[in-house]
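Sequences listed follow chains A and B, in order.
All the letters of the first sequence, read from the start, carry residue numbers 1 to 292 under my numbering.
All the letters of the second sequence, read from the start, carry residue numbers 1001 to 1487 under my numbering.
You may find that some hints are simply not true.
[To be verified] Straight-line distance between alpha carbons at most 30 Å, and here's what the computed DSS-like set of lysine-lysine pairs gives:
no.	chain 1	residue 1	chain 2	residue 2
1	B	1145	B	1258
2	B	1237	A	104
3	B	1132	B	1237
4	B	1486	A	249
5	A	7	A	34
6	B	1145	B	1333
7	B	1288	B	1259
8	B	1152	A	34
9	B	1145	A	34
10	B	1399	B	1333
11	A	252	B	1486
12	B	1237	B	1259
13	A	104	B	1310
14	B	1288	B	1237
15	B	1310	A	34
16	A	34	B	1022
17	B	1482	A	249
18	B	1036	B	1259
[What the hints assert, rightly or not] Computed footprint of chain B on chain A, listed as stretches where at least three residues anywhere in the stretch have a Cβ under 8 Å from a Cβ of chain B:
no.	stretch
19	101–113
20	147–158
No wet-lab data here; the hints were simulated from the structure.
A quick note: this is a predicted structure, and the numbers were derived from the prediction, not measured.
Using N, Cα and C, we set each Cβ at its ideal position, and we do this for glycine too.
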Amino acid sequence: MAEPHNKEIDQVSGVETTGHEWDGLKELNNPLPKWWLYLFYVTIIWAVVYWVLYPSWPLVSSYTKGVLGANQRQEAIAAYDKGVADRSEFADKIVATSLEDIAKDQELLQFARANGQAAFGDNCAPCHGSGGTGSEGYPNLQDDTWIWGGTLDDIHTTLQYGIRTDNDDARIGDMPAFGRDELLSRDEINQVSNFVASRAGVETDEGVDLAAGKTLYEDNCAACHGENLEGIQEVGAPSLMSANFLYGKTLKDIKAQIADPRNGVMPGWVDRLDPATIKSLTVYVHSFGGGQ
Amino acid sequence: MSADTETHVSGNSEPLFESAKKIYPMATHGLFRRIKWALLFVTLGIYYFLPFVRYDRGPNAPSQAVLVDMEHARGYFFFIEIWPQEVYYLTGLLIIAAVALFLMNAVAGRLWCGYLCPQTVWTDLFLWVEQKVEGDRRDRIALDKDPWTFGKIRKRATKHFFWLMIAWWTGGAWVLYFNDAPTLVWQLLTFQAPMVAYVWIGILTTTTYLLAGFMREQVCIYMCPWPRIQAALTDEKALNVTYRWDRGEPRGSLKQNKKLESQGLPAGDCVDCFQCFQVCPTGVDIRKGMQMDCIQCGLCIDACDNIMNKIGKPTGLIAYDTDENIERRIEGKEPVFEIVRVRTVAYAAIIAIVGAIMLFALLNRDFADISVLHDRNPVFVEQSDGTIRNGYTVRFSNKRRHPRSFMLHVEGMPPNTLVEAVGVDAIFAGRPIVEVGPDTTREVRVLVTSPPWVDLPHSTPVTFRITESVMGEVVTTEDTFKAPGKP
């Protein structure tokens, strides 16, 4: 490039070359199409106007703000606030209306179910499943088996304060560790487990003294689970009449839960969600169909 | 450079595309010009004023005869009301429109292009303005060559002002079809109309102004697909705007042809006056025969007839005629006009059949609807008492303008099956009664619970039947009841 560029005309096209050459191929100096060039100028003007109007150039600790004062962060906050305000009409009604009346009001019920469905997906589905069917250790909310009660008020209380949380109003009820705390011997646990299994329709071991198991049940378990294994929801003692157990349906699972029980925790939501959302969730879960 | 590249030099100088030649159509008068004015008045009249036509539908409904209500998702055409899920009615209209186009083509060529197409109608209107302001063909050609004097600027400004007014009115009328017209007009005048109305007016003002003012015949020649399809669909029996060359040729000036005649030599009736070419809005010489650029508006017929009258020859040198008839005349046979042929009868039959189907569908339209969506998660729920429950999301549609209630019955399940609608207390004989407001839908969660310990298959087909409580209108839909049984 040191030598001066001599004007050279390409014989074939009659167009001047740029003087650049690669392996004998020379670049023609054809002008850009006019429409393209003018569009290019327009984009440059556009950019300059944009710099003035909108935030653009980064500075050391800040940036040029632009004369229009556009701020996407504030726009997002405003959009969120507007969303909350738009919902407030219904949300306020939900808070002011009793759960039974929400379930009877067509409009409120529709809003509560939609609101509850969204909140369920965000907060509840990780443990209870997106359809509310639960899994081992996490109760199924679709069926009619309720440990702490399945009425609207029961569900509302559980949702607000949780189960075995630090909240003063939380539902507390621990299954004693009959094996770990040596309240019963290994043989005794075996006998009472087989008794419960026999009543719940679970396959039992052979040659186990079920009568002794029944006596052990009446002495140790009936206070919470009831004389007829029907369970007592006030203390969170589940019914043992069918094998719809939270922690497994085999004899081995029953033995494990008596010897060294798991006492699952459900968080309380009163400090995390607003009252309208908790009420909506209550109505939504109740409307799965298993609600009482 | 090798020698063989030299041959490309000459080819290089020619542009790849022919640049558009400006066309200055001359004004003419006659039968087809009058037909075109009449159709222009009728079609534009309908377009501009139809939104203001009122139609009383009673309370809870708009009183505009033709309205597309996007906000409430309803379409209105006089006594017809269309819900979004019934837009398939439009399919029938589109089929009829397409076949009608084919029928027109089989009868008399591009009737649509020449007389009815919005591009033609608006271009005609814009040309009329141009002619009133700037003068006829000759004046306009001269004006284009004139320097920019005050007079020229005034003429141009006046023309573009009127063009923009028409274009703006076109866009303004368009948005009136989507809102209550009188209300929107007031909102537009007081600058309170929704932004989308102004945007659409702007878009349609621009397109009208550009398409009818500047692009004109370029739209027909380069943008529109119909000329290509039309050329493939036409046949030798279809009437087309035709130059009867059997009569016109050999063409020549009046003087020259008279001289030939006096010598007993063959002389055609065409005096080569170029009137047909000068009135043509697409710049076509019809004497070259049928061609794609020709929109068959008939103005060259008017122009030629006027000349023929002046020189005392019979009119119809250019006329609606068929290729077949020219051949027949040359052979000395009588011309034939076969409007009724297999093709036209078939098209007419298709239009009649589709129209009948649409009419039937319209007359038997349901005024209630039900759609059922089975729960996907969980598909079924086994309960401790041995019952099995399925959940459904059921949407009731009430297309009447007063509240109605529907009794829901689920058929196909064993006796003592429980059907509940969440939030619905009214039950008659185990069947929930769901109230639905006027002209709206209601979504209800429906729970179907089987009797305890019944052996149900994996999937039981069931029918959801709703019965309207007063008139007894019945609508059904099919779904299934899922159970843990074997598939």
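query: Are the Cα atoms of residue 1288/B and residue 1259/B separated by 30 Å or less?
result: Distance of about 25 Å is within 30 Å: holds.
- prompt: Is residue 1237/B within 30 Å of residue 1259/B, Cα to Cα?
  reply: violated, 36 Å
- prompt: Does the structure keep residue 252/A and residue 1486/B at a Cα separation of 30 Å or less?
  reply: Roughly 28 Å separates the two Cα atoms, so the pair holds.
field: Distance restraint between residue 1132/B and residue 1237/B, which requires alpha-carbon spacing of 30 Å or less
entry: Between residue 1132/B and residue 1237/B the Cα gap is close to 39 Å, so the pair fails against 30 Å, i.e. violated.
message: Does residue 1237/B sit within 30 Å of residue 1288/B, going by the straight-line distance between their CA atoms?
response: It holds: about 19 Å lies between the C-alpha atoms, which stays within 30 Å.
Restraint check for residue 1310/B with residue 34/A, where alpha carbons must lie at most 30 Å apart: violated, 51 Å
message: Please check whether the stretch 147–158 of chain A has three or more residues whose CB lies within less than 8 Å of a CB on chain B.
response: Since three or more residues must qualify, the claim that chain B covers the stretch 147–158 of chain A is violated, with 0 doing so at under 8 Å.
query: Do the alpha carbons of residue 7/A and residue 34/A lie within 30 Å of each other, as the hint requires?
result: Cα-Cα ~24 Å, so holds.
query: Taking 30 Å as the top limit, are the C-alpha atoms of residue 1486/B and residue 249/A close enough?
result: Status holds; Cα separation ~22 Å.
task: Measure nothing beyond the straight line between the CA atoms of residue 1152/B and residue 34/A; if it is 30 Å or shorter, mark the hint as holding.
output: holds, 29 Å
message: So if I understand the rule, the pair passes when the alpha-carbon distance is 30 Å or less; does residue 1482/B with residue 249/A pass?
response: Holds. Residue 1482/B to residue 249/A sits at ~24 Å (cutoff 30 Å).
task: With a cut-off of 30 Å on the C-alpha distance, tell me whether residue 34/A and residue 1022/B pass.
output: Since the Cα atoms of residue 34/A and residue 1022/B sit roughly 22 Å apart, the hinted pair holds (cutoff 30 Å).
Of the numbered hints given earlier, the model fails hints 1, 2, 3, 6, 10, 12, 13, 15, 18, 20; all others are met.
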